[in-house]
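*Asks:* Work the whole structure out from these sequences, hints included.
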Amino acid sequence: MFHSNFLERHLRILFPLPALIFIALLMIFPVLYTLGLSFTNWNLTSGMPLSFAGLRGYARVLTEPRFLDAVWRTFYFTVFAVAAETFLGVAAALVLNRAFVGKSLAKLLLLLPLVATPVAVGIVFNLFYDPTIGLANFVLKSLGLPQGHWVSHADSVLPSLIIVDVWQWTPMITLIVLAGLAGLSDEPVEAARVDGASEWQILRHVTIPMVMPVILTAMILRLIDALKTFDIIFAMTGGGPGYASETLNILGFKYSFEYFRMGQASVILVALFLIVFLCSLGIMKLRASSEI
Amino acid sequence: MKNRLLSNILFYLLVIVMALVVLFPFLWMLSSSFKTQVDIISWPPKILFEPTLRNYARVFEEQDFLKYFINSTIVGGLAVVFSLLLGLPAAYTISRYAQKKLAVFILLARLMPGISFLMPWYVIFSRLNLMDSYVALVLSHMLIALPIVVWIMASYFNSIPTEMEESAMVDGATRQYAFLKIILPLSGPGIITATTLSFIFSWNNFMFSQVLSMEKTKTLPIAVYNFVSYAEVDWGGVMAAAVAIMAPAIILTMIFQKYVVKGLTMGAIKG
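The listed protein sequences derive, respectively, from chains L and P.
Residues in the first sequence are numbered consecutively from 1, following the numbering used here.
Residues in the second sequence are numbered consecutively from 1, following the numbering used here.
Honestly, the hints are just simulated from the structure, not real lab data.
Just so it is clear, CB atoms sit at the ideal spot from N, CA and C, and this is done for glycine as well.
It is possible that some hints are incorrect.
[As the list claims (entries may be wrong)] Each computed BS3-like pair below joins lysine-lysine, with the alpha-carbon atoms no more than 30 Å apart:
(1) P/258 with P/181
(2) P/262 with L/103
(3) L/285 with P/216
(4) P/67 with L/107
(5) P/216 with P/100
(6) L/103 with P/2
(7) P/2 with L/107
(8) L/254 with P/218
(9) P/100 with P/218
(10) P/218 with P/67
(11) P/46 with L/141
(12) P/100 with L/285
(13) P/216 with P/67
(14) P/262 with P/181
(15) P/101 with P/218
[What the hints assert, rightly or not] So the derived label-pair ranges between C-beta atoms look like this:
(16) P/161 with L/182: 35 to 41 Å
(17) P/64 with L/274: 38 to 44 Å
(18) P/67 with L/190: 56 to 62 Å
*Replies:* Here you go:
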């Protein structure tokens, strides 16, 4: 086999073929299947045969307040989480971008949240947020501040979940930007210093613009994942209280595996798929056009 | 001089604050896992307490965590092995023939929301009687591992000069032979990075296993999640379970720190 001429001549097709077939069977086919189901009113529990419903499923789901709220929440969560992660992550990278004792330990610490199991992280934060025994309220009380309801109240649940996401994923931005900073040449900074620029001016007009493409890439990666956040929300609130933390991913999950309304669930999944797809596409276009 | 000292002190203070913010949930989880229920619910929270191992004993004896631990290892291990088998050759031609479209196609699996495949999988695997089977679980986790393997290995192969296999091919070796005997032996660091990262992501996966596994193939994240819903107030046990699930990923990260950092950041830097 290792000396087969046939394999060598068609290597560029035969080598990736197994992976391609796998992706086609496990991703492309299911996505098309979902798309097909979205035009039906199939309900797994009703025992009724699957029937074609055309666009009625779309008309029903897309106008439902619960769906529209979930769309809004998905964007709210994503925008605030990623904005905070980018700001804090870049700031931390700029601080850590120098030689110091314990730098490799600091980098190891930054890795820990990234590899921590999200479900378990969510549960630990639930103990932290617990209104009566949690440390969060204890700290607030000790500081003489009013105590919070955290995830148990509709008004504070999303910000509380965003804090968890920010805790877990800010280090990813920091590590990526640190790696980007390490790859920069010192010359422009030195030149600006010789010209008498202040540290702040150097940061603003030299360092940050140079590392901007890396910051944008890190942001894109986070943005795409934040739109799909599932584990911490599901583990901490299950979308509650009420529907107050129900994002599209959670809503799609409930329609699929709690209500078994597969037709309507498919409409939600198609919507989520399109949102993630269009956001990825849009940002990549934007990034390509902003770069020289 | 004085200024310099001051800025150094300020810098280290800042680093310590950041370290504490990062470490805090881990420390809280770890200390709570050694507390009795009475100590956990005491107000104000106790910093000093008499540690107990009862939470761990309860988790491993009553909850059969060992079984879920083994399930997670089997599923993650097999998913990584099969992803390497499919992914290494694909990554090789993506790198050598600049198959950009193919790379994007495989990466789509990383970008798209998992739930849009999960619902159809549920229907199909139910029909095939594959619910709660290792087959279904490994296949689903391969969709997590494969894009990571391809992504990391394609850029790793890019860093190996093409002369390496071309000189062997001049001597009459086929390209696939050169790939197997020359390129792969040089790829150790890349394979370690890909293996570690894809295993950790599989280990941590919740959504796929939550739907596709039941009692027989249940993985750790599901066991931890169920433990909370059954034992709402047993915080000590829950925290011990959280420690048990995070420990392997954290230990792997400590051993392969350099590789994990590279894997998590490489795409963005090249991007």
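*Asks:* Checked against the structure, which of the hints given earlier come out wrong?
*Replies:* 3, 4, 5, 9, 15, 16
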